[in-house]
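J.: Position chain B against the provided structure of chain Y, taking the given hints into account.
Residue strings, one per chain:
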Amino acid sequence: MLDAVLLFRDALYGSLIIAVTCALLGVYVVLRRIVFVGAALAQVSSAGIALAYWLAGHGIVAGFAQHPEALSLAATLASVAFFAGAVRGPIPPDARIGVWYAAAAAAGILLIAKSAVGEAHDIFLQGNILGITRADTMELLLVSAPVIAGQVFFAKELLFTSYDRETARTLGYRVRLWDLGFYLVLGVVISISMQFAGVLLVFNFLVLPAVTGLLLANGMTGTLLYALGAALLAAVAGFALSIPFDLPTGPTMIGVSAVLVMLAWLVRRVQRRG
Amino acid sequence: MTALVSFRDATLGYGQHAILRGFSLDILDHDFLGIVGPNGAGKTTILRTFLGSLKPLAGTVTIAPGLRYGYVPQRDPVDSLFPLRVLEVVLMGRYDRIGLGRRPSAADRDLARAALERVGIPHLADRSLNALSGGQRQRTMIARALVGEPNLLVLDEPTNGMDLVATTQILGLVRDLHERTGITVVMVSHALNEVANYVERIALVHEGGHTVGTVDEVMTQQSLSAMYGIPVEVSSFDGHRIVVAQRTREGNRHA
Chain Y
1 MLDAVLLFRD ALYGSLIIAV TCALLGVYVV LRRIVFVGAA LAQVSSAGIA LAYWLAGHGI
61 VAGFAQHPEA LSLAATLASV AFFAGAVRGP IPPDARIGVW YAAAAAAGIL LIAKSAVGEA
121 HDIFLQGNIL GITRADTMEL LLVSAPVIAG QVFFAKELLF TSYDRETART LGYRVRLWDL
181 GFYLVLGVVI SISMQFAGVL LVFNFLVLPA VTGLLLANGM TGTLLYALGA ALLAAVAGFA
241 LSIPFDLPTG PTMIGVSAVL VMLAWLVRRV QRRG
Chain B
1 MTALVSFRDA TLGYGQHAIL RGFSLDILDH DFLGIVGPNG AGKTTILRTF LGSLKPLAGT
61 VTIAPGLRYG YVPQRDPVDS LFPLRVLEVV LMGRYDRIGL GRRPSAADRD LARAALERVG
121 IPHLADRSLN ALSGGQRQRT MIARALVGEP NLLVLDEPTN GMDLVATTQI LGLVRDLHER
181 TGITVVMVSH ALNEVANYVE RIALVHEGGH TVGTVDEVMT QQSLSAMYGI PVEVSSFDGH
241 RIVVAQRTRE GNRHA
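From first to last, the protein sequence lines stand for chains Y and B.
Residue numbering for the first sequence follows this note's numbering, starting at 1 and increasing by one per position.
Residue numbering for the second sequence follows this note's numbering, starting at 1 and increasing by one per position.
Quick caveat, the hints were computed from the structure, so don't treat them as lab data.
As the structure is a computational prediction, the values presented were derived from the model and not from experiment.
It is possible that some hints are incorrect.
To list a few chain Y residues with every Cβ distance to chain B over 12 Å, as calculated [stated by the list, open to error]: (1) V30; (2) A62; (3) A65; (4) Q66; (5) K114; (6) G172; (7) L180; (8) G213; (9) G222; (10) R273.
One-sided and incomplete, this derived list gives chain Y residues near chain B with beta-carbon spacing under 8 Å [claimed, not checked]: (11) L7; (12) F8; (13) D94; (14) F153; (15) K156; (16) T167.
We treat Cβ as the ideally placed atom computed from N, Cα and C, and that holds for glycine.
One chain only, chain Y, in its complex shape (with noise of 0.2 Å):
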């Protein structure tokens, strides 16, 4: 099992990045309440893929085929503004979400289902994590390694403009700035991500991990520690077990990571009943 774990170890590093910069990010997913918004981003990202390899496939833009993240990121962020922006009118702000979620989903299968190139199939399902390649982590990293710094370094404005929006206005912070530029860098994430991991992978590390966090801490440290540890267990384990067991990845890890989050559920009726 060793030898064929060093022998995906790019795909394994790869995977280990995208779940520690999603398990982080996903903390405030979930605190902020738009777990939706996390599930249509990757929808978007994916239908940016879709669109990429339909355009390479009838010979449209031949490029897109290498570089199907560009009109991913854009789909992407375009969608971002929409999130971001000021919510008026008679429709609610999750169903607004809910018409771009299936929207987008809806226009990714249809391109996928006319799209010449076969492997987008593999990608907007359950993405290609284990073909993760030296280069493909070293890209990984170049956009995660400035997210996680980010997110230390900005722990505490991104804490208060997530948690108190009215009185973080009150001292001044301008937190629609704070909440458009938090999207972009869950927009770029999710895109970046999306394109190796596939939607399922993705929307798992940005949940699962910050539930099994909520579930076991008491405080935002823990939680952000216990999310970044159930993370990095589920895509250990999941690669570990996938391999020998010849089981897909990404369901392995998103399994592994389901049982983490049964498990501090458990763990916590145990220490309350206690």
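T.: Just chain B now, with coordinates in the frame of chain Y:
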């Protein structure tokens, strides 16, 4: 006395929708003012305008240079999902002073503990905010407002959803802080009976108008009856004013 905030013939509202017209009010240094009125009368609009979230649609709102708010929000918008300890929440009141990207220092933590001491809950510093009672949570929020060393303390519906004991304690705490330190306090509330017995001046806001004056000037039978448009009785019991809407002939109670 110096005015920290001045509204002059201001029209306040959202977008093109005016909620209050011809609104004039001075919030004076060392004031203890209650902005009181029924739900929907425009209290929150006034609050948001002087806090800077809304611009007046017409007229002027002047804020004294260097004015620093200590804001205590309503309890509902503060999210209980966040796993925060009391001291962490109080420290937020100093975040802008600490500066972008910097961590709270030992001195900041000492100031946060001192603020908790001032509101009577120094022993709860390391407890989870979500484990506290409504009154304790509100004390935490007052401590957070104080730790930033404000010159104007603003409380939005500070006793919403609290029982009689917690309400009395919180209002007593705010009055005590005002009397001991002279800090200017503005309290926004729909509960006239509660606020009137603690503040020194009242801005009574209602649909279509407002009255500003000392408690003695505003809390009269004639003034309140004219303001609410129904017969209102102002009684006194053991030094406390009690406002009661009189029953109409049809037997319907108005308030």
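J.: Each of the hints needs a verdict: does it hold here or not?
T.: Structure-based check of all given hints:
1. V30: 8 Å, violated
2. A62: Since the minimum Cβ distance to chain B is about 44 Å, A62/Y lies beyond 12 Å and the statement holds.
3. A65: Its Cβ never comes within 12 Å of chain B, the nearest being 41 Å, so this holds.
4. Q66: 38 Å, holds
5. K114: 42 Å, holds
6. G172: 5 Å, violated
7. L180: L180/Y is indeed farther than 12 Å from all Cβ atoms of chain B, at 17 Å.
8. G213: 9 Å, violated
9. G222: 7 Å, violated
10. R273: R273/Y clear of chain B: closest Cβ-Cβ about 16 Å, beyond 12 Å.
11. L7: Hint on L7/Y: violated, closest Cβ of chain B at ~40 Å, above 8 Å.
12. F8: 36 Å, violated
13. D94: Result: violated, 16 Å to nearest chain B Cβ.
14. F153: 5 Å, holds
15. K156: Holds - the Cβ of K156/Y comes within 8 Å of chain B, reaching about 5 Å at its closest.
16. T167: Check passed: Cβ of T167/Y comes within 5 Å of chain B, closer than 8 Å.
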